[in-house]
Amino acid sequence: MDADDVSLAQAAACLNGIAAYLALDDLAGSDPAAMPVDCVILAGNSVLATAEGAFRAAGGRARPLLVLSGGIGHSTELLWQAVAAHDTYRAVPAHGRPEAAILADIARTFWGIDPSRILVEDASAHCGENAAFSRQILERSGHVPRSVLLVQDPTMQRRTDATFRHVWRDMAGVAFLNWPTFVPRVMPAGNVLVFADPGIAGLWPMDRFVTLVMGEIPRLRNDAGGYGPNGRGFIAPVEIPARIEAAYAALKEGFGRDFGARAVPQGRPAPERGVGAVRR
Numbered sequence: 001m002d003a004d005d006v007s008l009a010q011a012a013a014c015l016n017g018i019a020a021y022l023a024l025d026d027l028a029g030s031d032p033a034a035m036p037v038d039c040v041i042l043a044g045n046s047v048l049a050t051a052e053g054a055f056r057a058a059g060g061r062a063r064p065l066l067v068l069s070g071g072i073g074h075s076t077e078l079l080w081q082a083v084a085a086h087d088t089y090r091a092v093p094a095h096g097r098p099e100a101a102i103l104a105d106i107a108r109t110f111w112g113i114d115p116s117r118i119l120v121e122d123a124s125a126h127c128g129e130n131a132a133f134s135r136q137i138l139e140r141s142g143h144v145p146r147s148v149l150l151v152q153d154p155t156m157q158r159r160t161d162a163t164f165r166h167v168w169r170d171m172a173g174v175a176f177l178n179w180p181t182f183v184p185r186v187m188p189a190g191n192v193l194v195f196a197d198p199g200i201a202g203l204w205p206m207d208r209f210v211t212l213v214m215g216e217i218p219r220l221r222n223d224a225g226g227y228g229p230n231g232r233g234f235i236a237p238v239e240i241p242a243r244i245e246a247a248y249a250a251l252k253e254g255f256g257r258d259f260g261a262r263a264v265p266q267g268r269p270a271p272e273r274g275v276g277a278v279r280r
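Be aware that the sequence shown starts at 1, since it is given in the UniProt record's numbering, and climbs by one per residue.
No wet-lab data here; the hints were simulated from the structure.
Bear in mind the structure is a predicted one, so any value in this text is a computation, not a measurement.
One thing to keep in mind: the hints can contain errors.
Stated by the list, open to error - Simulated restraints on C-beta separations:
| hint | residue 1 | residue 2 | range |
| --- | --- | --- | --- |
| 1 | ASP170 | GLY231 | 14 to 24 Å |
| 2 | GLY233 | PRO198 | 37 to 47 Å |
| 3 | GLY231 | PHE182 | 21 to 31 Å |
| 4 | PRO237 | ARG63 | 29 to 39 Å |
| 5 | ARG185 | SER116 | 35 to 45 Å |
The beta carbon of each residue, even a glycine, is placed where N, CA and C say it ideally should be.
Using the sequences provided together with the hints, build the complete structure.
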């Protein structure tokens with residue numbers, strides 16, 4: 001393994017560590033369909049595997065209510081593309097429609113979820129509105145859940161938990177369980193990073209995945225620039241372990257740039273589903 005390979009292996013290890021931290025999972029391998037929860041809330045995103053997980057959970061023995069939350073936001077176009085490219089779900093009209101409406105059609109048509117057990121919240125455009133508007137639609141429908149299974153894009157699961165705990169903080173009797181459905185992992189392949197399990201439905205382009213992972217750490221911080229109580233006040237306090245901050249710092253230095261619209265090394269374009277070796 002040459003020097004670039006070592007750098008790329010280190011980048012993979014750092015990304016995998018941060019991704020595992022972000023993908024907060026309270027089920028510890030338990031069958032989500034067997035969980036005795038009152039409600040499953042799916043925060044709309046472009047990774048179809050998360051929707052499929054939520055539908056499996058909603059079809060479980062407890063037959064919980066399914067709340068689909070998502071209007072048209074920054075990643076909605078990626079959901080349109082993912083649905084259009086899917087061998088089965090492409091039959092569902094997607095382009096120009098809110099995320100929740102698309103996902104409701106998939107849940108009813110292909111997963112057999114009873115429409116009477118689905119609540120569609122199709123106005124939210126970001127995580128804070130997912131939490132606020134999901135609560136509103138539940139209250140309007142006369143449902144006050146005591147236990148909620150939260151399902152979200154794995155890169156946003158920890159922030160989603162913190163957001164719901166903040167927005168629902170006056171509802172002390174509600175217990176949130178988190179399930180990101182899977183934990184993404186990357187590995188070196190030649191001079192790029194690729195997903196270890198590329199068969200998961202609706203995976204991000206690699207450059208977007210890196211941008212999402214790196215963008216979460218500043219948001220989760222409880223400082224003046226973060227989303228915590230000491231910053232913008234969008235989320236409940238989150239503890240970021242020192243090892244995660246160290247991995248973030250190493251990646252930021254290794255890629256040689258701050259993370260903006262495209263998280264690729266300076267001077268080296270990324271292949272469609274890979275990110276090139278980090279700067280030594």
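Okay, the hints, checked on the actual structure:
1. ASP170 <-> GLY231: 14 to 24 Å: holds, 21 Å
2. GLY233 <-> PRO198: 37 to 47 Å: Since the Cβ atoms of GLY233 and PRO198 sit about 39 Å apart, the hinted range of 37 to 47 Å holds.
3. GLY231 <-> PHE182: 21 to 31 Å: holds, 30 Å
4. PRO237 <-> ARG63: 29 to 39 Å: holds, 34 Å
5. ARG185 <-> SER116: 35 to 45 Å: holds, 38 Å
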